[in-house]
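Asks: Work out the full structure, taking the sequences as your base and the hints as a guide.
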Amino acid sequence: MPASRSISWDVSTESLPDAFERYIVGMADLYEVSGVSDLDRRHFYNRTRTTLTDAGAIGHGRSVRQTLARGPALLRRSDVDGLNVLFNSAAVVGDADGREVRAAPGAIQFRDLGRPAASRLDLIDVRTLLAPRAIAPAALLTKAAHGLVIPPD
1 MPASRSISWD VSTESLPDAF ERYIVGMADL YEVSGVSDLD RRHFYNRTRT
51 TLTDAGAIGH GRSVRQTLAR GPALLRRSDV DGLNVLFNSA AVVGDADGRE
101 VRAAPGAIQF RDLGRPAASR LDLIDVRTLL APRAIAPAAL LTKAAHGLVI
151 PPD
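If you count by my numbering, then the sequence shown holds residues 1 to 153, one letter each, in order.
Honestly, the hints are just simulated from the structure, not real lab data.
These figures come from a predicted structure and were not determined experimentally.
Some hints could be false.
Okay, the calculated beta carbon distance ranges per label pair [said to hold, decoys possible]:
(1) Gly114 <-> Ser15: 17 to 27 Å
(2) Asp81 <-> Arg127: 13 to 23 Å
(3) Val93 <-> Thr53: 23 to 33 Å
(4) Arg22 <-> Pro151: 31 to 41 Å
(5) Thr51 <-> Ala91: 33 to 43 Å
(6) Ile108 <-> Ala55: 11 to 21 Å
The C-beta atom is built at its ideal place from N, Cα and C for all residues, glycine as well.
Replies: Pasting the structure below:
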């Protein structure tokens, strides 16, 4: 049985004036963060709980509206790789390596973290499952599956 450890944080500008800046640094290996309004920067919050194992990670996060991207430069330097399966309680619009992504609240989405992608979220209330590439189903790591959305219905 793989060993696990859980990590969590709850930061906001109410208690930590530079919470947004710390968030940007903390996300640097996973996503480039942009599109956060001045109002949301002043009232920024991020609440995250994640459990990590050798077999992957499962977590839940909440935060303000933002755009999360994995472009070519980040893909070259990032040590994070595998299949990300996401369930967000808010709508998502974006691009997955040239494929337009539109996901209604409650849809299931698939992202190959080794391919470019960008998502605009009006609210982050996401549950995510990250499977390392070595154990992820090969069919879900194809270009055709990257950005795939299963509607909530």
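Asks: For each hint, tell me whether it holds in the structure or not.
Replies: Hints versus structure:
no., hint, result
1, Gly114 <-> Ser15: 17 to 27 Å, "36 Å, violated"
2, Asp81 <-> Arg127: 13 to 23 Å, "20 Å, holds"
3, Val93 <-> Thr53: 23 to 33 Å, "32 Å, holds"
4, Arg22 <-> Pro151: 31 to 41 Å, "35 Å, holds"
5, Thr51 <-> Ala91: 33 to 43 Å, "27 Å, violated"
6, Ile108 <-> Ala55: 11 to 21 Å, "19 Å, holds"
Violated hints, listed in ascending order, are 1, 5; each of the other numbered hints is respected by the structure.
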